[in-house]
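Take the sequence shown: its letter number 541 is residue 940 in the working numbering, and every next letter is one higher.
Quick caveat, the hints were computed from the structure, so don't treat them as lab data. Hints may contain errors.
[To be verified] List time: in silico EDC-like cross-link candidates among lysine to aspartate or glutamate, alpha-carbon distance up to 16 Å:
1. K723 - D706
2. K677 - D798
3. K854 - E899
4. K994 - D1009
5. K930 - D891
6. K723 - D752
7. K620 - D684
8. K695 - D781
9. K912 - E941
10. K854 - D798
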Amino acid sequence: MDSLNAALLVNLLGFSVGIALYALVAVMVLRHRGSQRAENANILLLTTSALGLLWNVGELYGFVQKDFGGPLISPLLVALSFSALGFLPSVVVHSAQAEESGTHWLTFAAYGFSVIATLMHFQAALSGSAVPSDLALQTLTFGSLALSAGLLLFNLRQTLEKKAVWAAALLVFAVSALHLSGEREGTSWYVELIAHQSSLLLALVILYQNYRFAFADLFLKRAISLMLLTVLASGLYVFAAVPLLRYHETHDRDDVQAAALILGLWVATALVYPLIYKFAVWLVDKVLLHRVDYAKLQQDLAREVEDQETLDDVLGTISERLAKTLTARSATWTENVDGETARYPSVNLSADDAGIIIPTAETPQYTVRLSAFFGGRRLLSDEISLLESVALVTARRIDVLRVSHERFEQKFREQEFAKLATEAQLTALRSQINPHFLFNALTTIGYLIKTSPDKAFDTLLRLTQLLRGVLKSTGEFSTLGDEIKLIESYLDIEHARFEERLRVNIDVPHALKNIKVPSLILQPIVENAIKHGISENKNGGEVRISAAMTNGNSDPMLRLTVWDSGPGKHALITNATDGVGLRNIRERLSTYYGKAARLTLATSVNEGTDAVIDLPVKKRCETTD
């Protein structure tokens, strides 16, 4: 009798829970219908919930009628209820095969078994035979076993975990159908549980796989806390209240004391419930759902954001990480063109997505949108706080990048202006080659035409070569060899003017002639050497031009030297203070090389003047790259 009562209780509770779970599946599908990958999945889940409700409602009605003296249940209703149970394995296979491509022959086979079993149930009901049909249930048993093996073997795209879940569900149905086909009066409660409550596992699997978070937040946490509370209350009653009440009875104590005892236990249980609920929340979030440590996640995201160097990278990283953490199927970010400027981060929640406002100091601001949360997820307060903190960190990083970008642009503009100024100086230098030099050259050619026409013609050719070379050097840099050719043309013209008064010595190794140097870097120095060192000396003098490699602090250095045998001291002072050409050279070297290059002048009275240019061979400022 006790066994029968236990079996009855198991069935009543099981079918009631089954109705609740499948109703919850239907609610979840309707609530999150826009979040699934395909509408077919919604239809399949709704079909599953309808079949589960039909089975559990029909069986619950049948047990109530049978065990509480109601009228006999119609055989057609029994056939309908068991047919619904027989179609549940089919929808399991259909769901498992939904991700597979090609012909879903396992799905067709599953529905074939279900249709055959349904026909057998209704044939038995109409012919007056026992319902449900044992043969139909045995067909479902062997069919479920075969389908379970097929899912394990042929669902190639699915993981072993998914295969195992679906196969286990089919095995439960197989065992259930086997028990139902041989069911007899007086079975124990655990047999009843296995036989009649097989559909509960399927409902739990559906809720866990498709609506894990919603199921856990809306149902599972409360269910676990209530179960723990029930266990606690039952334990207090059995192990505390009952012995104390018996003690009262044996010692003739007042009923008021007993009532106070029961009330005290009830209050104690109520006070403990918040702790029980916290434990249930921890158990579900950390153990079952594996929710992350939001404090640690916030620190990790802050570090990742700080490592990004562009706005696109910052927003892309945040979108990707938040989508992965919060199980959103899509994550996008957009620029807020219109609307008021937000001063603080905010999270705008809708039915199935969340928009996170990034409150940058200046417009435009941005919104990161997470859509289609997996498992029917609804954001918790901890998760909303996380999003707000991440939005603030992201906004500050974007502000820093904007300031850095503005500073870079300002520096770039300054460098461009300096470059343009240098180019203008170079253009001016080209245009200045040099009016008095050209006048003197043409005067010399005119004089030579009368005295030495051949020499005049040769000098004219040299002047032509010089001018052509200057005009051809349109770039900021040329080779040292090309510079020496221009200097040689220039000195040839000056030699025609000064004749034996000008002596020239050029010592530039061939290996150095391919080195890049600033255009026209030597011509002003050579011109100054002739102007101040040779022309002012009635006896003339010597100009030496040399090039050599030296060792700098880090890079090899090219040293260019122009020496003249002029009077020295007075000429140096005049050049250093008033010489436009030397000042332009220094400014150009500073622009191209920074502090790595220099022009130095060394002189002494009656010992000539040295003009030395030191510049690194490989290193140049960014403006010349």
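Outcome of the hint check:
1. For the hint pairing K723 with D706, the CA-to-CA distance comes to about 19 Å; that exceeds 16 Å, so the pair is violated.
2. A C-alpha spacing of about 40 Å is found between K677 and D798, which places the hinted pair above 16 Å, so the restraint is violated.
3. Restraint check for K854 and E899: satisfied, since their Cα atoms lie roughly 14 Å apart, inside the 16 Å limit.
4. A C-alpha spacing of about 21 Å is found between K994 and D1009, which places the hinted pair above 16 Å, so the restraint is violated.
5. Taking the CA atoms of K930 and D891, the gap is about 15 Å. The hint holds against a cut of 16 Å.
6. At roughly 14 Å between alpha-carbon atoms, K723 and D752 fall within 16 Å of each other, so this suggested pair holds.
7. The suggested pairing of K620 with D684 holds, with an alpha-carbon distance near 9 Å, which does not exceed 16 Å.
8. Proximity of K695 to D781 is assessed by CA-CA distance (about 12 Å); at most 16 Å being required, the pair is judged to hold.
9. Between K912 and E941 the alpha-carbon distance is near 23 Å, which puts this suggested pair outside the 16 Å criterion.
10. Distance restraint check for K854 and D798: the Cα-Cα separation of roughly 71 Å exceeds the 16 Å cut-off, and the hinted pair is therefore not satisfied.
Checked against the numbered hints above, the structure breaks hints 1, 2, 4, 9 and 10 and satisfies the rest.
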